[in-house]
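Undergrad: Here are the chains, one letter per residue:
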Amino acid sequence: MALKAQLSMVINLDKCIGCHTCSITCKNTWTNREGTEYMWWNNVETKPGIGYPKRWEDQNKYRGGWKLENGQLKLRLGGKLFEYINIFHNPYLPTIDDYYEPWDYDYENLFKAKESKFQPVARPKSAITGEYMDKIQWGPNWEDDLAGSPEYMLKDPNIDSELEKEITLEFEKTFFYYLPRLCNHCLNAACMAACPSGAIYKREEDGIVLVDQEVCRGWRFCISSCPYKKVYFNWHTQKAEKCIFCYPRIEAGLPTVCSETCVGRIRYIGVIFYDIDKVKEAASEPDEAKLVEAQLKLFYDPNDEATVKEAEKAGIRYDWIEAAKRSPTYKLIKEFGVALPLHPEYRTLPMVWYVPPLSPILQTMTKHGYSEYEIFPAIDEMRIPIKYLAKMFAGGNEQLVRNILKKLLVMRMYMRAKQLGREDKFNQNLLKEVGLTPQMVEEMYRLLAVAKYNERFVIPTTTKEKYENVYREQGLTGYDYIPPCDFCNPQQG
Amino acid sequence: MLAYVSKLDFLLWVALPYAVITIFILGHIYRYLTDGFSWTSKSSELLEKNMLRIGSMAFHYGILMVLIGHFIGLIIPKSWHEAFGLNDHLYHLIAVVGGLLSGLFALFGLIVLTYRRFSVKRVLAASSLGDKVVLGVLLLVVILGLLATLSNIGGQFDYRTTIAPWLRGILTLRPDPTLMQDVPVLFKLHILAVMLLLAIWPFTRLVHVLSVPIAFIWRTPIIFRQRCPERD
Numbered sequence: 213m214a215l216k217a218q219l220s221m222v223i224n225l226d227k228c229i230g231c232h233t234c235s236i237t238c239k240n241t242w243t244n245r246e247g248t249e250y251m252w253w254n255n256v257e258t259k260p261g262i263g264y265p266k267r268w269e270d271q272n273k274y275r276g277g278w279k280l281e282n283g284q285l286k287l288r289l290g291g292k293l294f295e296y297i298n299i300f301h302n303p304y305l306p307t308i309d310d311y312y313e314p315w316d317y318d319y320e321n322l323f324k325a326k327e328s329k330f331q332p333v334a335r336p337k338s339a340i341t342g343e344y345m346d347k348i349q350w351g352p353n354w355e356d357d358l359a360g361s362p363e364y365m366l367k368d369p370n371i372d373s374e375l376e377k378e379i380t381l382e383f384e385k386t387f388f389y390y391l392p393r394l395c396n397h398c399l400n401a402a403c404m405a406a407c408p409s410g411a412i413y414k415r416e417e418d419g420i421v422l423v424d425q426e427v428c429r430g431w432r433f434c435i436s437s438c439p440y441k442k443v444y445f446n447w448h449t450q451k452a453e454k455c456i457f458c459y460p461r462i463e464a465g466l467p468t469v470c471s472e473t474c475v476g477r478i479r480y481i482g483v484i485f486y487d488i489d490k491v492k493e494a495a496s497e498p499d500e501a502k503l504v505e506a507q508l509k510l511f512y513d514p515n516d517e518a519t520v521k522e523a524e525k526a527g528i529r530y531d532w533i534e535a536a537k538r539s540p541t542y543k544l545i546k547e548f549g550v551a552l553p554l555h556p557e558y559r560t561l562p563m564v565w566y567v568p569p570l571s572p573i574l575q576t577m578t579k580h581g582y583s584e585y586e587i588f589p590a591i592d593e594m595r596i597p598i599k600y601l602a603k604m605f606a607g608g609n610e611q612l613v614r615n616i617l618k619k620l621l622v623m624r625m626y627m628r629a630k631q632l633g634r635e636d637k638f639n640q641n642l643l644k645e646v647g648l649t650p651q652m653v654e655e656m657y658r659l660l661a662v663a664k665y666n667e668r669f670v671i672p673t674t675t676k677e678k679y680e681n682v683y684r685e686q687g688l689t690g691y692d693y694i695p696p697c698d699f700c701n702p703q704q705g
Numbered sequence: 025m026l027a028y029v030s031k032l033d034f035l036l037w038v039a040l041p042y043a044v045i046t047i048f049i050l051g052h053i054y055r056y057l058t059d060g061f062s063w064t065s066k067s068s069e070l071l072e073k074n075m076l077r078i079g080s081m082a083f084h085y086g087i088l089m090v091l092i093g094h095f096i097g098l099i100i101p102k103s104w105h106e107a108f109g110l111n112d113h114l115y116h117l118i119a120v121v122g123g124l125l126s127g128l129f130a131l132f133g134l135i136v137l138t139y140r141r142f143s144v145k146r147v148l149a150a151s152s153l154g155d156k157v158v159l160g161v162l163l164l165v166v167i168l169g170l171l172a173t174l175s176n177i178g179g180q181f182d183y184r185t186t187i188a189p190w191l192r193g194i195l196t197l198r199p200d201p202t203l204m205q206d207v208p209v210l211f212k213l214h215i216l217a218v219m220l221l222l223a224i225w226p227f228t229r230l231v232h233v234l235s236v237p238i239a240f241i242w243r244t245p246i247i248f249r250q251r252c253p254e255r256d
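Protein chains in written order, with our numbering: chain A, 213 to 705; chain W, 25 to 256.
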């Protein structure tokens with residue numbers, strides 16, 4: 213056994229309102245440079261929908277992630293020989309049109325246009341070529357809130373012909389939810405395995421996955437191989453870029469920008485200890501429906517004495533062990549078991565997990581409120597089909613999703629009973645059935661509903677003073693390729 | 025021996041090659057140390073994929089075959105060819121047919137790539153001056169090489185007893201410019217074009233050739249790196 217510390221995130225989809233604040237603040241911080249205009253290291257998709265880039269979940273097209281071949285874990289993209297042969301042209305690389313052609317508007321015209329019969333307009337201008345674009349055909353969140361359905365919605369790769377029959381677009385029965393996505397900082401990252409230059413690496417201390425910009429040679433296989441399409445190609449610097457988990461903030465003990473600015477406070481960041489020796493075994497689990505379980509087995513309870521000893525043996529620092537003990541993500545993922553990874557069947561063992569969303573019950577059985585005997589069957593009557601959620605978050609394992617939704621419902625019922633002073637009348641069998649105690653339910657409720665900043669983000673700092681002169685280096689780290697702004701240079705007045 | 029060589033010959037076939045080799049080596053080191061961030065294959069596949077598929081594949085595979093041919097013809101001595109039972113006629117046949125085929129393949133790719141770079145607006149917008157110059161110089165080198173081969177289709181001129189020993193002399197620090205005196209002009213122009221290419225090489229996208237990912241063969245799939253090598 214060899215324990216490693218990994219920073220992980222949990223996103224509570226039940227509370228995501230799809231406001232895109234996370235995407236915007238991320239963009240303003242990291243991808244407002246030339247060549248990165250089309251990149252959204254964090255984006256929020258409406259599901260069902262085809263997403264960004266278009267149909268990113270269609271691995272027959274993009275060949276992302278891993279597959280099992282005779283029990284052996286192989287990149288779906290192909291082996292090393294495939295990469296050498298196709299290094300001059302990667303047949304599975306998406307093009308800019310699979311994302312969208314980035315544009316800006318010619319606002320200057322609004323000020324400088326001469327007097328004319330018609331109002332001046334700000335025409336869209338391509339951010340790549342600088343030319344006017346006559347008609348914008350696709351852009352970020354083009355299909356937000358199911359816009360354009362059913363044209364786009366039914367092209368969602370998670371919807372097969374069987375599910376399509378169940379999904380109806382009748383207004384009363386239609387459903388959607390939001391899916392914020394960022395790099396998953398996987399334990400078994402496929403982008404890393406596919407990089408010919410060895411430029412992508414995991415940080416020993418916190419597991420953040422980074423692209424070394426000095427080592428990347430632009431061979432582009434990471435972009436195909438990441439099944440989440442969260443590695444992007446900067447067309448200006450011609451190198452790969454991706455979410456850096458805001459490591460400069462993380463090192464200072466601050467949450468990522470997307471988490472910090474989330475208005476719904478739906479994100480959690482914390483340390484998780486996992487056994488690196490068993491990662492390959494977990495990713496090679498033959499049954500897709502058991503992959504979540506296999507990944508959960510990698511995580512060790514930080515409040516167990518044996519785990520602490522192992523962590524100390526592995527050289528994990530004291531404050532990291534203390535942080536792990538209070539980790540909100542460990543609690544949500546393993547202790548309460550209410551979170552799931554996105555598409556575990558890609559076998560990358562992602563470390564951003566999601567609390568699946570509840571949705572309104574379809575039938576009118578709720579006239580007098582739920583009776584406690586009706587509540588569990590009712591889960592299958594929710595608008596978002598369990599089958600759809602299971603395809604996204606559980607490798608098709610519907611029971612996993614059902615169990616979590618039950619826990620979330622029982623929590624609500626218990627807390628309601630408590631609020632009304634009726635907890636002694638609450639049917640304890642319901643708690644037993646979902647494997648929770650009243651104490652756990654209250655802790656879970658606190659974490660999901662009222663947790664403060666310090667409870668949602670438990671991030672130990674990096675001790676930089678050990679290896680660098682922090683005072684001298686201030687202001688010297690970050691992207692150094694940003695061209696100087698020629699109109700805001702104070703020396704030019 | 026050098027006493028019988030004209031100043032121009034000395035300049036072109038001794039001084040210039042060493043100057044070019046110096047620029048090539050020091051240029052790479054300088055760029056690697058000072059601007060590793062710009063060291064990339066400069067792929068534009070994200071912006072255009074279909075023409076790239078034809079052009080890039082044809083050019084790269086063509087030029088790789090051309091390079092193998094040059095290695096066999098110029099670096100491996102003629103005596104070795106003969107030891108393998110390759111007589112003049114057979115060698116020339118293989119060299120001309122193989123050389124022309126792979127050269128034309130590379131030229132075709134280059135033409136597609138050049139057309140693509142200038143006709144696809146997105147690609148043009150993402151092109152630097154260096155990218156365009158490189159295409160021009162490569163075209164020059166390949167066309168001159170093909171013309172030289174075509175001019176010598178009968179095999180009257182044997183570069184294996186002239187250019188090849190001259191090149192090996194340069195590489196082993198025993199330069200002999202007299203070997204180049206009677207070389208036909210097309211061959212000379214081809215060599216000069218190659219020297220131009222090598223001289224601009226370290227300052228263009230061509231640096232990616234030195235980054236052929238060899239360590240990839242034995243590398244583990246998952247890489248860990250320490251944020252900080254801790255000092256003891």
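The hints are simulated quantities; they were obtained by calculation from the structure and are not laboratory data.
There's no promise every hint is true.
Claimed, not checked - Mimicking BS3-like on lysine-lysine, the simulated pairs with C-alpha atoms at most 25 Å apart in a straight line are:
hint	chain 1	residue 1	chain 2	residue 2
1	W	K145	A	K266
2	A	K292	W	K102
3	A	K337	W	K145
4	A	K367	W	K73
Quick caveat, the model's predicted, so the values are computed rather than measured.
Undergrad: Going straight from one Cα to the other, do K292/A and K102/W come out at no more than 25 Å?
TA: violated, 36 Å
Undergrad: Does K367/A pair with K73/W here, judged by a C-alpha cut-off of 25 Å?
TA: This hinted pair holds, its Cα atoms lying about 24 Å apart.
Undergrad: Measure nothing beyond the straight line between the CA atoms of K337/A and K145/W; if it is 25 Å or shorter, mark the hint as holding.
TA: Status holds; Cα separation ~13 Å.
Undergrad: Decide if the proposed pair is consistent with the structure: K145/W and K266/A, CA atoms, cutoff 25 Å inclusive.
TA: Status holds; Cα separation ~23 Å.
Of the numbered hints listed earlier, the single one contradicted by the structure is hint 2.
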